[in-house]
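K.L.:
Single-letter residue listing:
2 protein chains.
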Amino acid sequence: MKEIKIGLIGFGTVGSGLAEVLMDQQERLARRSSLSIRLARVADINIKELPPRFKDVELTNDAEDLFNDPDIDIVVELIGGIEPAKTFMLKAIAAGKHVVTANKALISQEGWEIFSAAAEKGVEVGFEASVGGGIPVIKALKEGLVANRIASIMGIMNGTANYILTRMTREGAPFAEVLRDAQELGFAEADPTYDIEGIDTAHKLAILITMSYGMKIGLDEITIEGITNIEPIDIQFAREFGYRIKLLAISRNHGDHVEARVHPTMVPESHLLASINGAYNAIHFSGDAVGNVLLYGQGAGKMPTGSAVAADVVDIARNITAGSINRVPALSYLPEEITSRGITPMNELECPYYFRISARDEPGVLAAVSGILSKHDISIESVIQKGRKESGPVSIVMRTHGARENEVRQALDEID
Amino acid sequence: MKEIKIGLIGFGTVGSGLAEVLMDQQERLARRSSLSIRLARVADINIKELPPRFKDVELTNDAEDLFNDPDIDIVVELIGGIEPAKTFMLKAIAAGKHVVTANKALISQEGWEIFSAAAEKGVEVGFEASVGGGIPVIKALKEGLVANRIASIMGIMNGTANYILTRMTREGAPFAEVLRDAQELGFAEADPTYDIEGIDTAHKLAILITMSYGMKIGLDEITIEGITNIEPIDIQFAREFGYRIKLLAISRNHGDHVEARVHPTMVPESHLLASINGAYNAIHFSGDAVGNVLLYGQGAGKMPTGSAVAADVVDIARNITAGSINRVPALSYLPEEITSRGITPMNELECPYYFRISARDEPGVLAAVSGILSKHDISIESVIQKGRKESGPVSIVMRTHGARENEVRQALDEID
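Chains A and B, in that order, give the protein sequences. 182 is the number that the numbering used here gives to position 182 of the first sequence; each next residue is one higher, with no gaps. 405 is the number that the numbering used here gives to position 405 of the second sequence; each next residue is one higher, with no gaps.
It is possible that part of the hints are untrue.
A pair holds if it fits inside one copy or across any two, identical chains being indistinguishable in the list.
Said to hold, decoys possible - 20 Å max Cα-Cα, derived EDC-like pairs, lysine to aspartate or glutamate:
{"no.": "1", "residue 1": "Lys-2", "residue 2": "Glu-336"}
{"no.": "2", "residue 1": "Lys-2", "residue 2": "Asp-56"}
{"no.": "3", "residue 1": "Lys-142", "residue 2": "Glu-27"}
{"no.": "4", "residue 1": "Lys-142", "residue 2": "Asp-24"}
{"no.": "5", "residue 1": "Lys-386", "residue 2": "Glu-231"}
Keep in mind the hints are simulated off the structure, nothing from the lab. Please read these numbers as outputs of a predicted model, since none were measured by experiment.
Assemble the whole structure, with the sequences as input and the hints as a guide.
P.N.:
Shown next as structure tokens:
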């Protein structure tokens with residue numbers, strides 16, 4: 001039985017999760033692969049010793065030790081962030097190691113350099129865990145749905161944001177209060193910016209767009225709006241219209257240009273994505289042959305992410321043994337087939353919009369607002385005006401028919 | 001660019017779907033694999049000529065022509081049923097062809113003979129399309145979730161049954177009427193027995209059990225109950241209790257024995273499986289590392305099934321080119337690691353039950369019924385008794401706490 005040796009950089013939450021998965025599943029993996037996959041070395045600058053069950057694993061505080069060890073076949077980077085993760089990945093590749101990561105910021109922003117270096121060296125790059133945590137979504141795109149033109153991607157890809165929206169929906173509690181609670185419970189990080197501002201979701205969307213359509217996309221090409229401005233009253237109004245508010249990543253493939261955006265979205269109650277609650281993720285694809293497919297699971301966390309990283313490790317281990325390295329192109333299309341394409345400007349997109357306007361409760365306000373909207377060619381689908389509380393302002397809430405972003409912005413400026 | 005030639009047996013719904021997918025995606029597949037995958041020959045006894053777009057594909061009425069053609073790399077069987085499909089598969093394997101099928105009856109009932117023959121010949125067997133139509137569930141089990149002990153499987157795996165239950169739920173229409181309509185609309189076959197009696201679902205469950213737990217299971221070991229006895233009143237009562245009725249495949253892995261059953265089940269409204277409507281399928285796994293995962297999509301149909309068959313074809317084509325045949329074991333565990341294990345007898349399972357009893361509206365009926373149940377150690381969680389219509393019988397509906405099948409049967413006999 002061939003032994004495949006793993007070097008792991010970063011023994012934090014996900015790193016220790018991977019170590020546990022590999023240990024827990026060692027016997028099962030051997031029953032499934034004729035392979036012995038062994039965690040040989042861990043590099044971490046913050047810990048002095050590994051837990052007792054990893055007594056046979058060598059600990060170092062210098063990642064170089066992994067690159068210099070000729071016995072290590074695969075280096076797994078689980079420290080996150082751009083640097084020094086990127087340097088470590090490039091050094092591991094230069095040393096002829098296959099690499100695996102869960103790092104969506106790195107793959108979406110600096111992926112090209114890593115994939116080029118790996119292609120030159122003839123080594124593999126695994127990144128299943130970078131999107132959707134434990135959900136095998138990268139594998140599905142590369143292989144299971146290979147015989148499809150992907151027409152659209154829609155997903156709830158950030159567990160923290162979805163957890164917050166779910167609790168706001170269930171409890172009617174304000175954003176800041178739920179966020180604080182989520183931080184105490186470990187569902188949100190001390191600095192939650194990437195999660196609540198939609199940036200983490202955009203990283204993941206960029207990866208899926210490249211793999212689904214075979215095109216390059218920069219983070220700056222994605223329109224991003226987070227959930228920090230959502231108030232309980234919006235969620236309540238959405239419900240009255242028959243919708244749930246979700247932070248969605250949305251992309252449509254128009255051939256020569258594609259839509260790419262992340263923003264709070266009103267999802268009809270009857271759509272499966274409206275039923276995805278708590279810290280779960282779900283990614284919905286539409287393919288020309290397969291139709292609608294949705295993959296659901298835990299989008300983060302120690303063991304689910306460990307499961308996805310381990311799947312990459314096994315995949316590469318199988319290719320090492322079978323002599324079939326890069327049997328499937330890392331980005332699902334051959335590198336020379338990945339093209340540049342335009343992004344549909346938001347101004348050219350017609351979407352239904354949801355507004356909430358706080359106005360003085362005076363006669364003629366609704367007439368004035370609808371007059372401005374109609375001047376901008378925005379037609380109203382439904383309106384709710386809520387009874388005022390004593391002398392405060394009233395909330396006027398509207399859903400429009402399809403309208404263009406620039407017209408909507410101009411109309412809102414005028415209403416202001 | 002290497003050319004991989006496909007021979008297809010059966011140009012019916014799924015067969016023509018595969019042909020279309022391969023033709024539609026030829027260019028895209030080349031961009032993703034450096035491979036040219038070409039449908040070279042079709043064997044079908046019912047057609048005289050192929051549609052014009054397949055003018056370069058040879059048609060024969062004798063499957064032997066495919067086995068005897070040394071240029072054909074992969075034979076795809078899409079005629080369904082046990083014979084002659086089984087003989088064709090075995091002959092193709094004997095001729096050294098890799099084989100792909102969507103045939104769940106064949107794989108679940110006669111799979112061992114096929115897998116043994118293929119192992120001996122060193123060829124691959126693809127059967128992604130046998131479970132969940134276009135959903136890449138087999139791939140997920142073999143690879144994406146490889147580093148997990150699967151603890152349970154729950155799924156809606158028959159689109160016809162789910163379509164009927166969905167319409168009964170929405171319209172309150174009786175089973176027979178919806179079935180007739182489904183047949184007219186093409187959602188149910190002329191002979192719907194396998195679909196509505198749960199047999200097709202059991203075939204698929206057997207395949208998933210083997211792949212998830214690494215064990216053999218016979219169809220006769222699965223407890224099967226279909227949906228033919230469900231009346232609109234049951235669906236209405238289920239709603240009142242907060243449930244939807246779904247035909248579920250259910251399996252739990254207890255280590256030395258496993259549960260395996262197919263029956264109508266009351267699914268809590270808040271569970272994702274309760275939201276799977278129409279002809280869609282969804283399969284839910286629970287893994288020790290990944291937690292809960294659900295895969296959703298079209299469980300049948302020409303193009304979705306074609307998509308899954310094509311994924312197998314590409315997978316095998318990649319292995320042919322890379323020289324990595326049987327890189328992943330066909331049944332996810334190495335053949336020698338697939339064990340026999342016991343099935344948990346239904347009598348030993350404690351489940352909550354739902355009864356509906358038609359009784360004369362006389363004083364003491366409810367007391368008598370509850371007396372019998374309590375004698376059999378069955379405790380009642382909730383009861384609804386519906387107001388009678390004039391002089392007819394009343395319906396008493398109960399949900400029990402956990403109870404054993406044998407006690408339930410005895411109590412029902414006594415109540416009768």
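K.L.:
Each of the hints needs a verdict: does it hold here or not?
P.N.:
Results for each hint:
no. : hint              : verdict
1   : Lys-2 x Glu-336   : between (34 Å within a copy, 18 Å between copies)
2   : Lys-2 x Asp-56    : within (18 Å within a copy, 45 Å between copies)
3   : Lys-142 x Glu-27  : between (28 Å within a copy, 16 Å between copies)
4   : Lys-142 x Asp-24  : between (27 Å within a copy, 18 Å between copies)
5   : Lys-386 x Glu-231 : within (15 Å within a copy, 43 Å between copies)
Hint violations for this structure: none, all hints satisfied.
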